[in-house]
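Once you've looked at the hints, dock chain G against the given chain S.
From first to last, the protein sequence lines are chains S and G. Residue numbers for the first sequence follow numbering that gives the first Met the number 0, so the first one is 0 and each next one is one higher. Residue numbers for the second sequence follow numbering that gives the first Met the number 0, so the first one is 0 and each next one is one higher.
In short, the hints are calculated from the structure, not lab data. Hints are supplied without guarantee of correctness; some may be wrong.
To be verified - Below, in silico cross-link-like pairs of lysine-lysine (BS3-like), each with a Cα-Cα straight-line distance of 30 Å or less:
#1 Lys-46/S <-> Lys-111/S
#2 Lys-46/S <-> Lys-148/S
#3 Lys-46/G <-> Lys-148/S
#4 Lys-46/S <-> Lys-321/S
#5 Lys-46/G <-> Lys-111/S
#6 Lys-321/S <-> Lys-111/S
#7 Lys-46/G <-> Lys-111/G
#8 Lys-148/G <-> Lys-46/G
#9 Lys-46/S <-> Lys-321/G
#10 Lys-321/G <-> Lys-46/G
#11 Lys-321/G <-> Lys-148/G
#12 Lys-148/S <-> Lys-148/G
What the hints assert, rightly or not - Here are the in silico distance ranges between beta carbons for each label pair:
#13 Arg-104/G <-> Val-112/S: 41 to 49 Å
#14 Arg-21/S <-> Ser-25/G: 35 to 43 Å
#15 Asp-27/S <-> Thr-305/G: 47 to 55 Å
#16 Arg-62/S <-> Arg-104/G: 50 to 58 Å
On a predicted model such as this, the values are computed, not experimentally measured, just so you know. No residue lacks a Cβ here, since even glycine has one placed at the ideal position from N, Cα and C.
Protein chains: 2
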Amino acid sequence: MASHVQELIRTGAERTDRALERLLPSPDTAPHSIHRAMRHSVFAGGKRLRPVLCFEAWRLASRFAPSAIPAEQAAIELGAAIEMLHTYSLIHDDLPALDNDDLRRGQPTCHKVFGDAIAILAGDALQTLAFHTIARLDCPAITTIDILKEIASAVGTGVGPAPAEVDFDFPAGQAPGMIGGQVVDLESEGQPPTAALVEQIHRAKTGALITVSIVAGGHIAGASHDTLDRLRIFGGNAGLAFQIVDDVLDITEESAQLGKTAGKDTAVTKATWPAVYGLPDGVARSLADAQQLIADAFAAVEPFGTAADDLKAIAQYLVDRKN
Amino acid sequence: MASHVQELIRTGAERTDRALERLLPSPDTAPHSIHRAMRHSVFAGGKRLRPVLCFEAWRLASRFAPSAIPAEQAAIELGAAIEMLHTYSLIHDDLPALDNDDLRRGQPTCHKVFGDAIAILAGDALQTLAFHTIARLDCPAITTIDILKEIASAVGTGVGPAPAEVDFDFPAGQAPGMIGGQVVDLESEGQPPTAALVEQIHRAKTGALITVSIVAGGHIAGASHDTLDRLRIFGGNAGLAFQIVDDVLDITEESAQLGKTAGKDTAVTKATWPAVYGLPDGVARSLADAQQLIADAFAAVEPFGTAADDLKAIAQYLVDRKN
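Just chain S, with the same shape it has in the complex (with noise of 0.2 Å):
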């Protein structure tokens, strides 16, 4: 039987993909080869935490905005949109040209299905198609804008520090930025990784997309100033700690179960969280890291009390998954 946490990914999900669905060109539309190779990787097998978050961030903020609307279809489409960014990121990253990956979810990666000049451009074609999405959105116009801002700024270049209580209208460059996170991974490669150089690629390449769905769910509902910081808070822990399990689940699994090279980011001497302890005690000191840093989000949420137990409980899942 299906968890109660289990349930509320799975109907994420599935409201996620009809909402993809609809806003992706159909694969009948000219040019046909990048919008199949668009879909092929949408459609590949994510499991849309992203979207979910950002979701049951909406619902949480709702319930505490005191000029709520409703705007469940901007939350869902909103989720889509930023899950769009997700596999543009993924796309480029596959590329040879970066980590080179053949199989991404147990499935061939775009540039190997299209080659590498398509993939190239739809992944620029998601970007673009993202943020179409969101300018599309159907809330207020201020609204919208505030969310491209700091949607902008979390797949942008900066690797500084989160910050939790600052508006969020940062400088180019000066909030930890998808982009910036990829730049460092790729340089530090062959670097001993130390905890600081760790912490800050995680919490830029992984952390801040996945910060900016919560606070953006957050958005949609009119959140109040203190409970979008207090969502991105929780964000940035909780995105902190899904990256360090990722970083576990690489080591520790075989590669038939995720669906790509097992042990592959160790082998390069990538920044991992586990290799800053060294092994074999490193997964475990990292394990009980991610736990502590979900404690720490839910410390940021309390004052919402039960409201926030459905948010809680995903984060939890993204700490406790297997896969």
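Same frame as chain S, but now just chain G:
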């Protein structure tokens, strides 16, 4: 002595460069490599024709918008954002997986200096920064959103016909878009170029971004639907004329003058306008087509009288230029 149009372009380029200098992350901000790569390509000697067209369209429309508000700074930053999008597309086009060009405007291309991985990510980051810059424009929120939707369409995967007099909020894939044109261009390599195919590629790959530069300038001025429609027709014709002249210059100019390998397009039977007519009279007939398109563009802005003179002078320059 510089002509009036040369002065318009020179001052417009300087204005754009100052904005880009301010908007791009400093080369001393970590991660350095990507910020230096972004600047390498953005400051590689582009003429800033799109920002100049955007600014002049804003200046023209401002004179006819009943509720015009001072928005010069927004018009300049919008132009800078469009130049970022143009530069991102050039960086990705030049990659070995696409056009494999070592030189652009006489300088080594981004991937030749920084490697393929950083070049891919620098293109990605310029797209992100462009949308971020637009989201931060100092203009009414609803105007920003109109512009974002227009621009996301113009750089997307669509290859449909340019809709001159319909609402601009096209569904994904229905309006001509830059990436769509790039894909059709790639896929038609080796095929004999037909007039319809080349026009489709040019209107999507080059024309859409030039058109939206002009239309978005009108939006910043709060232009009426009629004015926006006229600017859209003007831009569609001027953009196609620009690319036809580009094709001609590629054939007739020496490698050293253009800073890229001259004649390369025809050598691989790429889709060019003169190739449709066949050489040698393809060049003369192409130039005649470009002049006719400019005449059509001028007709669309006829009702604006002499207020359109500067915008017209720049469009005329696009087809009269020798490099």
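Exercise for review: Return the numbers of the hints above that this structure violates; sort them in rising order.
Suggested key: Violated hints: 5, 9, 11 and 13; rest satisfied.
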